[in-house]
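Novice: Each chain, written out:
There are 2 protein chains.
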Amino acid sequence: MTTNNTQSDVGTMTGEHLDLAHRLATQLRVDSIRCSTQAGSGHPTSSLSAADLMAVLLLRHLRYDWANAHQATNDHLIFSKGHASPLLYSMYRAVGVVGEDELVNTYRQFGSRLEGHPMPILPWVDVATGSLGQGLPDAVGVCLAGKYLDKLPYHAWVLCGDSELAEGSIWEAIDKAAYYKLGNLTAIVDVNRLGQNGPTELQWEMEKYAKRVEAFGARALVIDGHNLAAIDAALSEARSNPEQPTVVLARTIKAKGVPEIEDKNGWHGKALPKDMAERAIAALGGVTDLTITTATPDAGAPAIQADPSATVTLPVWDIGEKVATRAAFGAAISALAVRPKVVVLDGEVGNSTHAGEFKDVCPERFFEMFISEQQLIASAVGLSVRGYIPFASSFAAFLIARPYDFIRMAGVSEANIRLVGTHAGVEIGQDGPSQMALEDIAAMRAIHTSVVLYPSDAPSTAALVATMADTDGVVYLRATRGAYPVIYGPEEEFPIGGCKIHRAEPNDQVALIGAGVTLHECLAAAEELAEAGIPARVIDLYSIKPLDRDTLIDTCRITNSRLVVVEDHYPQGGIGGAVMEALADADIGQLHVTLLGVKGLPVSGQPAELLDAAGISARHIVAAARKLVEAQA
Amino acid sequence: MTTNNTQSDVGTMTGEHLDLAHRLATQLRVDSIRCSTQAGSGHPTSSLSAADLMAVLLLRHLRYDWANAHQATNDHLIFSKGHASPLLYSMYRAVGVVGEDELVNTYRQFGSRLEGHPMPILPWVDVATGSLGQGLPDAVGVCLAGKYLDKLPYHAWVLCGDSELAEGSIWEAIDKAAYYKLGNLTAIVDVNRLGQNGPTELQWEMEKYAKRVEAFGARALVIDGHNLAAIDAALSEARSNPEQPTVVLARTIKAKGVPEIEDKNGWHGKALPKDMAERAIAALGGVTDLTITTATPDAGAPAIQADPSATVTLPVWDIGEKVATRAAFGAAISALAVRPKVVVLDGEVGNSTHAGEFKDVCPERFFEMFISEQQLIASAVGLSVRGYIPFASSFAAFLIARPYDFIRMAGVSEANIRLVGTHAGVEIGQDGPSQMALEDIAAMRAIHTSVVLYPSDAPSTAALVATMADTDGVVYLRATRGAYPVIYGPEEEFPIGGCKIHRAEPNDQVALIGAGVTLHECLAAAEELAEAGIPARVIDLYSIKPLDRDTLIDTCRITNSRLVVVEDHYPQGGIGGAVMEALADADIGQLHVTLLGVKGLPVSGQPAELLDAAGISARHIVAAARKLVEAQA
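Chains as they are written, first to last, in this note's numbering: chain A, 1 to 633; chain B, 1 to 633.
Same shape as in the complex, but just chain A (with noise of 0.2 Å):
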């Protein structure tokens, strides 16, 4: 049976309606019920509380052409409770687009696209959710792009649980979307009261949590969440507030609809058994077959469009000239605001990074994220799930390790997102290590789809920072706090898992392998070992990830594998590493490495002082390079 929802007549559902969205509802949950027993595993009765809030969305308020996932004024269906994805694949059979045997044959097997929690394989998913708290955070991103770049009308509905409203990150997300007024966002919340391990902090105390959403600034509205009617009117006031984001606070049961579980404890992340399933689904009517057509949009096409023809003209630096390459970041992210896609977004450190001289050439693409580093990541995510090319920015240290579970859900969504970390290592100097990223390299190494850049001077980062916005996937790039000398010309090219040799002659004895500002300190050491008769070639391992090996392999041939690898970053997983992990079955002799990175907890002081306290300085590379020579001399 097939039917159609009309906008005309949101919020006001009739006798017949209300027929329709019940018996949407109770297909929602025999299907639920079906794949998660069928599969043996999955949230069976996370997604029997919140069937009824679905039911009456897809019927009269999404609005979605199913058969073009890709058309641009679609609205966005995003469970941040992705632990429902029974629920979620229903809806999608629901609509026709998932059917019968794939549902219920093939949730959560191998090779199944019908994965545990969804994922963005399936052309209807925008980002895998299945970290609690990252869903609502990622709609900011998308409605962000909807009020202020697309300029269309969709809109963004987001199933939340309660559980996750623990997390400081909703938190986060539901105050920037009322800073920028985002009435294109409405979060549901499926307020059932059992979280995995027994009741959530708060229960049911509706009032409590309309405090909260309140307080930050977007709109309560508390319903009873299986009212099909309460709910129908809810959505379709969320609808109707262009300014304000809306919270619709649904108090639900969990495993509503299979009465004797119902509200109990211990039935989360389990699948009813056969027996029970088979009761509860004759209970429920049993199997039906009801498809439905949502209402689909009306065409549109966003206002911002790529534009092929935009030339970006990179600034250009004399050799010798010094300059942080923070600097050299914002000012080839200003040139780069002719590229009418590239959007910027800081955490309220945009004069230190210079992520602000973006602002100063195109206010309507910078957004400031203010001190909330999840939202930040959240907010790439969401503008890349619209097609944009989003650079988020801020000290390395708290840009990549206060939301890595974020990054590390990009990779999984496999998000095209850029980041550009500045402050990174000991080099700050007198801030001290609060402020010094020196895990951010070994975190990102390990993030699925990841690219890690860590260039040396202003030239390089210019062009890299260029190249990360035609490169897919989590792409990073380490900038350094103070000034350091131009060594590259502007013609030079720097191509992601590329290498720049220096001082190369057939004759040397040892390599020295730096990146950022290390580059630096092992120049230094090369020309005070040249003056000692050791001749050394450096490395500007400008690509970290990926890294190249081949050159690695010859430049081992050549120094009888002896290297010495510095690098800003403690010793564990960060430069010295990668080098390592690739020569691992290089065939190349005898490895003589010297790995050197930072010795202990660096405390405060000038960037030369802290460098040679943490070991890393020109002095200790060579030392570390006259002990390899003359090991074997």
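Quick caveat, the hints were computed from the structure, so don't treat them as lab data. A portion of the hints provided could be inaccurate.
All copies of an identical chain are treated as equivalent in the list; a pair is satisfied when it fits inside any one copy or across any two copies.
For lysine-lysine, the following PhoX-like pairs were computed, each having C-alpha atoms within a straight-line distance of at most 20 Å [what the hints assert, rightly or not]:
(1) K208 with K181
(2) K147 with K211
(3) K359 with K341
(4) K181 with K211
(5) K264 with K274
(6) K322 with K274
Predicted model, so just to flag it, every value in this text is computed and none were measured.
Add chain B to chain A, keeping to what the hints say.
Specialist: Frame of chain A; chain B shown alone:
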């Protein structure tokens, strides 16, 4: 001049007291300017705004025996806005524990304990701050200890900035403080309207802040932060409410006391130029030498004392029995409950991690943090400040990635916390990649003071959990979801930094190195290789950091440096990286090392399917080992 405050007149500040407070505040301002101008860096304007608040706190409310920083009944003073360190250090001068010369001439200098942001090298500093939004969460842990464990009347006073209220972690903290009725906690928010980069999101909208604070369950007191009597009254009230935390929202003026830059943007993180500093100091009345004595707390001892006689009886299992290491963690941590200082913290997954079993035997030392992993770690840090032995646990993906900046700062604080992350790797199966920790080892190895453990069976897990309790640092144990055979007897010892060798023969041609679930794959592979006539030893690298380098080198000498390292983790920075870093300069000939880590983005499926698809199952290990052996045959 020395004076004294008494508790009796708290909140009834008279003319004489007002005068003294004013003079103290003025001295704190002068000293904050002096030290930062001398250093040429720092945040004087962020110190000036809070000088009145801290003067009144110090004179009339803080109970602290400065001669005995380890007095158990001392209040705690935490600068969550760590950049106001000039103010903190000026307070230390005012109470006589930091001298004139140290303050003015060493601040931010290399070798000084007066670092850019407060560090626990100072005996009065509990935790390193400087990553915003962490001091208040840490204080929640301190106050949990005070109210529920120590049962002592000390109070924690936390100076927060207004910018950091944009961090979700602040709201996790206020929420948990209210949930646990922490009347012993007062946050004093210095609402000076200006962040680093311009106006804060809410500027001086005091009522909005108050609404948020109250919605999250704390008492909000809005005051003029430069009205000494009002400050005094608010702080008196703050201490008077045993069942509810207080947030004093103080409207202040950035740079207050230096009219030419008061409330002016562009002066964050900038020392006053010398001439401006001289003018300002003169206008403030010049350098003074006021020394004050704070109230000292009554003596007292924590209700919980270590019991050296407590004997931990670890559970035992039969060889071959199938037990999940997460279950062994639950059993072991429950056994550790006999040690009075052991505390367990859960992120609302205690039924899955098995941490909940501790609650069954010792509910009074179990704290549910719900789904707020940042607060989970911060609570552990705060408990460690009070000398407890906190174990925080959740799924590895959420335990490490979500609060990674808190873990980083725990390392910077050199706090002693224990983390147990379960459900690591693709082995978890059907839940899919959002739940799979595949980067946690890389991330954790790069943390200062970290220890990384990954046992493969129940007895080794139990032994390591017991050892963790006596191991300093940020100690992480990674546990597996599924049940695997017990391979060690109850007498086996598992020292940190050790490993176990299986199937060693003098003619071994290759070594298979695994940990956790891959150890079992390695054992199966070795069996198969033996049948094919290739003797292979297996190394259980249960201690990934520190790592048993000597045994690795010995192994290489036997196997002609043929190693297969296999891990349920991305191939960057994990176990393979650790092994390769350790062998960088080892005198063991050419390496023939194959690193097997998880390839690409995993999907949902059965554990065995996923291990195989990831390229880390026995089959892949056999193939890799064969290839290594055959290449040199």
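Novice: Indicate, hint by hint, whether the structure satisfies it.
Specialist: Results for each hint:
no. : hint           : in the structure
1   : K208 with K181 : between (23 Å within a copy, 16 Å between copies)
2   : K147 with K211 : neither (26 Å within a copy, 27 Å between copies)
3   : K359 with K341 : within (14 Å within a copy, 52 Å between copies)
4   : K181 with K211 : both (18 Å within a copy, 19 Å between copies)
5   : K264 with K274 : within (18 Å within a copy, 68 Å between copies)
6   : K322 with K274 : neither (71 Å within a copy, 26 Å between copies)
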